[in-house]
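Just so you know, the sequences run in chain order B and U.
In terms of the working numbering, the first sequence opens at residue 430 and continues consecutively.
In terms of the working numbering, the second sequence opens at residue 430 and continues consecutively.
Identical copies go unnamed one by one, so any copy, or any two together, can satisfy a pair.
List of simulated lysine-lysine pairs, DSS-like, C-alpha gap at most 27 Å:
no. : residue 1 : residue 2
1   : K493      : K697
2   : K697      : K639
3   : K759      : K733
4   : K759      : K662
5   : K662      : K697
6   : K662      : K493
7   : K493      : K639
Since the hints were derived computationally from the structure, they do not count as laboratory data.
There are 2 protein chains.
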Amino acid sequence: MIVTPQTHHFAEPLPLASGASVAGYDLTYETYGTLNADRSNAVLVCHALNASHHVAGRYAGQPKSEGWWDNMIGPGKPVDTDRFFVIGVNNLGSCFGSTGPMHPNPATGEPYGADFPVVTVEDWVAAQARLLDALGIQTLAAVMGGSLGGMQALSWTLQYPDRVRHAVVIASAPNLNAENIAFNEVARRAIVTDPDFHGGHFYRHGVVPKRGLRIARMIGHITYLSDDVMNAKFGRHLRDALATGAYRYSTQDVEFEIESYLRYQGDKFSDYFDANTYLLITRALDYFDPARAHGGNLTAALAKASARFLLVSFTTDWRFSPRRSREVVKALLDNRRDVAYAEIDAPHGHDAFLLDDPRYIGVVREYFRQVGA
Amino acid sequence: MIVTPQTHHFAEPLPLASGASVAGYDLTYETYGTLNADRSNAVLVCHALNASHHVAGRYAGQPKSEGWWDNMIGPGKPVDTDRFFVIGVNNLGSCFGSTGPMHPNPATGEPYGADFPVVTVEDWVAAQARLLDALGIQTLAAVMGGSLGGMQALSWTLQYPDRVRHAVVIASAPNLNAENIAFNEVARRAIVTDPDFHGGHFYRHGVVPKRGLRIARMIGHITYLSDDVMNAKFGRHLRDALATGAYRYSTQDVEFEIESYLRYQGDKFSDYFDANTYLLITRALDYFDPARAHGGNLTAALAKASARFLLVSFTTDWRFSPRRSREVVKALLDNRRDVAYAEIDAPHGHDAFLLDDPRYIGVVREYFRQVGA
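Only chain B is shown next, with the shape it has when bound in the complex (with noise of 0.2 Å):
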């Protein structure tokens, strides 16, 4: 499947959660599959943190350029692009293609950098509902998403009831406990305290806080992997022991594997992703939090929602533990919602809901045969 990116400019501003506003804005998304006549079979994905609209199939001319879900979308696939269209958006402040920090804020025509403006998980699902008014979809067969993308697919729900038949919310949970909002902090003031951060204006400057963006991203991995699975691939393993098998001795060289691929994950990282970026969207998971304004009843707060609901979380994930996706699926039920719920029994932790387990996407292809289009 060979797939191209589009992009729609938005004339009018977005109103968001803050008070403030985006004035003109792109947004970058790319299709799979054909709308039907009644416009009844379109799906939305919802991207994570480190992700884009590069959902499924790939590029011309660039075989390894796979997108970030093309395991479960696309033709014959869980969901299969040969009933759906499937719909991947970049969100608004990323760093692949929809408006951002790095793009002219029309006010200075200077880069935004840390000017531009705090974006929640509702303003992103009211950017993307802008998007499908533009596509001419009212209502959606399904909106879906792993993790970050999983509370936009909920909020989705929330924000736009008659507007979702199917809410597909992965590996993902109501809000950020303290250890989450914890392990975002730190990421962020290890970006923002890089001296080549400028205070978010490094563009002008010509440098990019790399220091900071390794330290979040090696940080990020370590949350993402189970213990299991780290001792399973790492274990205490020396990178490259000696002859004799000692340690090197060193506080600074890399000794262990494990070092070794944090580091290199770091590195690659801070080559293409935007430090302002990092700090917008680990803000929108922190602040993400529907029970918020009904005195935190998650219950009362999901009594809008009136889609169906799969939820799928991963036993070995410390990220979003099963136990967040067990407090939607009890506040869905309070309400006698619809609900499926997965919980799968595998060793990957949080990562598990970008790979193979064919448990998990055997639940996802039977949800969504019964999806209508």
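We have chain B already, so just place chain U on it with the hints.
Positioned in the frame of chain B, the structure of chain U alone reads:
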């Protein structure tokens, strides 16, 4: 109990596991209680990452200067200084008194900085044994420690099996797993990539890599606390909600209480802890692995131990989980050693070993009742 630190100078170099050696060096220590006539009532207390020889009591004129294990050690306390002669010793490489990276390297006259040799748990234990020699103590009634201190206690029973009658190993592990090493590595990278680190020779530049130390400490704090206690203590509480109860919508200001707590802990730590010491101590943690010389067989490694053991773990400790303590218990039982083990159902995570859980304190008290003086 008013206490006074003492220092012993060792003129003879200490050979290290790495093959290097430390030239003449000082160890700072404190003692509580009285050594009995047959010198049989000594208890050595080993410290963890962020601690020192100041284990119990207070300094004259400093009412808030309690030692870090003052709830455990003192007259009438579980480790009763009316019965035992307790020794707290600061490890080599520390920044609290014993010779460390900020002290002059005799080879250059300048501070060691990053040239301070890498020290291991085994090296620390060897240095502690020399201190006992100097104090005229052949055999310890007990050696005890929590976390990294527990590793030293365990190592004592392997390096000097004839000099230890009891070992008390609390909230510890037979080695670090991949996730533990990963967190250490992120902390170290934050420190060494701080431009103020200057390759470990920041002293001569008159600066301190505070940015890196702050990040290291924030990461540490997250791993010391359980998810449960973080949610109970901080949850999603805003530090300073606007009058309307609304979010501030900022990526850099403190919004949640947990952020404020972590920043405060990071700031405080960066004011007093030495960056090179942080690298050395986390590396000593990484390297500790007594089973390594036995092909990973912990039972074979612990065959040397002849002490009696008390191990304690805490259910919500995800840094050194009960599973890790049980590995040690099993390996000791495989060797038909005398082992008591308590798994305390405490909500506080790794930090529990420093806290006042009455069941935990009671277990240690009962154990020490039967440690003959």
